[in-house]
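**Student:** Use the sequences and the hints to build the structure in full.
In this text, residue positions in the sequence shown follow the numbering used here: the first is 906, and each later residue adds one.
There's no promise every hint is true.
[What the hints assert, rightly or not] Distance condition first, Cα-Cα at most 16 Å in a straight line; then the derived EDC-like pairs of lysine to aspartate or glutamate:
no.	residue 1	residue 2
1	Lys1296	Glu1311
2	Lys998	Asp1018
3	Lys1309	Asp1000
4	Lys1136	Glu1200
[What the hints assert, rightly or not] Between beta-carbon pairs, the in silico distance windows are:
no.	residue 1	residue 2	range
5	Phe1325	Val1168	45 to 55 Å
6	Phe979	Gly1203	36 to 46 Å
7	Ser1202	Ile1076	21 to 31 Å
8	Glu1099	Thr1123	51 to 61 Å
9	Val1168	Ala1206	41 to 51 Å
10	Leu1109	Glu1037	37 to 47 Å
11	Asp1280	Leu1056	18 to 28 Å
12	Glu1200	Ile1283	42 to 52 Å
13	Glu1255	Phe1325	48 to 58 Å
14	Pro1207	Asp1138	18 to 28 Å
Please keep in mind that the hints were generated in silico from the structure rather than gathered at the bench.
Ideal Cβ positions, reconstructed from N, Cα and C, are used throughout, including at glycine.
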Amino acid sequence: MKKVMLKTTISLAVAMASTQIFASGFALNEQSISGMGTGFAGRSSSADDASTVVGNPAGMSRIKREQVTGGVAFIDAHTDISDASARNGGTNKGDMVPFMGVPMGYYVKPIDDQWAFGFGVYAPFGLVTDYENGFAGRYFGSKSEVQIITLQPTVSYAFNDKVSIGFGPTINRIDGKLESNLSLSPNPAAPDGEVKIKGDDTALGYNIGILVQATDSTRVGLTYHSKVKYKLDGDTKLSYSPLGPLGQQKFDASLDITTPESVDFSVTHQLDDQWTLYAGSTWTRWSRLKEISVENSGVPAPLNPAFGTITEEQDWHDTWAHAIGASYQLNKQWVLRTGLSVDQSPTNNENRSPRIPTGDRTIFSLGAGWSPTDDLTIDVAYSYLREESVKVNNNNGRQNYSAKYENWANGFGIGATYRF
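**Tutor:** Structure representation (structure tokens):
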């Protein structure tokens, strides 16, 4: 029973540690619809609207009018599961990610020629997977719902018309629910039980950035998003009828987890009055996720060896993401955008589970901005993501699950900026 519970609890930790289905480790990139159109190339140097609050706080110095930017990105994800094998059998439909939306909102107000204030609400990390009843890998993950919501008050200061800095503390709320099936017997006819875990916490972090107008046509930006340390408090519910009353338990659970810091560097270069080019790279310190330890309290003595302190290695590695993009100012009202990005996965073949069966990614993006008036801009974007095929191979001594996963997704975004 230790191994079954171990896998379920660790999967919760991993899911919670992950910042867009279009970013490594299930990190979320969808925090700007205009940025989505260029594949998030130039994220820390473009400062096109109030979403620069999260892209690069220093970019608020380029916002000359009070404005509000908001939007929502919709994610339509798909999976093909093949070459599946499980001792206890089951189905492998692969339709485990529901159609979902990722909202965002920002406000920026210039105070004077040097100071600006801003505020943002966005989701830096998230995960939803919900496999069908009878899924062959149900003992290693059947349902996952995890989200982090961030509030970020922000200030920026322009030293001159060339250099500005920005800083914003982040208030981060994490909530998670995980479910897996449980069986203590390798016999396929043995009844299943369930393990359900939930936890939450609120923790602080920060974003800081610098923006430099290197030449009249070129800007460079650098943004640092800090790590955030969480201590999740919640409970673990065990429901397994073959153990009788001992199999109906609820434990207090505590889990320490740190989401990783990242550094984003990008360049924006205006070729002429119509063409602008973007390029950028992001490094994320996923190697923080070496192992996870979960503390359960109030565990009866017969179950304590399995449910007291649970530890498992994850051995994730640091990742790089790279992006290039371009925009074309068709006329005063319309700007067209496109981008291409590649993103490494932090997982490895040994520890990969059905909850996060991801590989390296390639994303192609298109977008457009329409400004019917000087006060209003409406942005739309589309992204197509394709992952390399990866293998999952899990075994707890009683059940096993191995399969090949091929993932792809469509992303749709719509947003608006209103200037006062």
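**Student:** Has the hinted range 41 to 51 Å been met by the Cβ atoms of Val1168 and Ala1206?
**Tutor:** holds (48 Å)
**Student:** Within a Cα-Cα threshold of 16 Å, do Lys998 and Asp1018 meet the stated pairing?
**Tutor:** violated (57 Å)
**Student:** With the threshold set at 16 Å, check whether the alpha-carbon distance from Lys1309 to Asp1000 stays at or below it.
**Tutor:** holds (14 Å)
**Student:** Indicate whether the distance between the beta carbons of Asp1280 and Leu1056 respects the range 18 to 28 Å.
**Tutor:** Holds, at about 26 Å.
**Student:** At the C-beta level, are Glu1200 and Ile1283 separated by a distance inside 42 to 52 Å?
**Tutor:** Once the Cβ atoms are compared, 49 Å apart, the range 42 to 52 Å for Ile1283 and Glu1200 holds.
**Student:** Is it true that Phe1325 and Val1168 lie within 45 to 55 Å of each other by Cβ?
**Tutor:** Since the Cβ atoms of Phe1325 and Val1168 sit about 33 Å apart, the hinted range of 45 to 55 Å is violated.
**Student:** Does the hinted range 48 to 58 Å hold for Glu1255 and Phe1325 at CB?
**Tutor:** holds (54 Å)
**Student:** CB of Glu1099 to CB of Thr1123, is that within 51 to 61 Å?
**Tutor:** holds (57 Å)
**Student:** Going straight from one Cα to the other, do Lys1296 and Glu1311 come out at no more than 16 Å?
**Tutor:** Given pair Lys1296, Glu1311 holds - Cα atoms ~9 Å apart, limit 16 Å.
**Student:** At the C-beta level, are Leu1109 and Glu1037 separated by a distance inside 37 to 47 Å?
**Tutor:** holds (39 Å)
**Student:** Does Glu1200 sit within 16 Å of Lys1136, going by the straight-line distance between their CA atoms?
**Tutor:** holds (11 Å)
**Student:** Do Pro1207 and Asp1138 keep their Cβ atoms within the hinted range of 18 to 28 Å?
**Tutor:** Between Pro1207 and Asp1138, where Cβ atoms are some 25 Å apart, the hint holds.
Consistency note: the structure conflicts with the earlier hints numbered 2 and 5.
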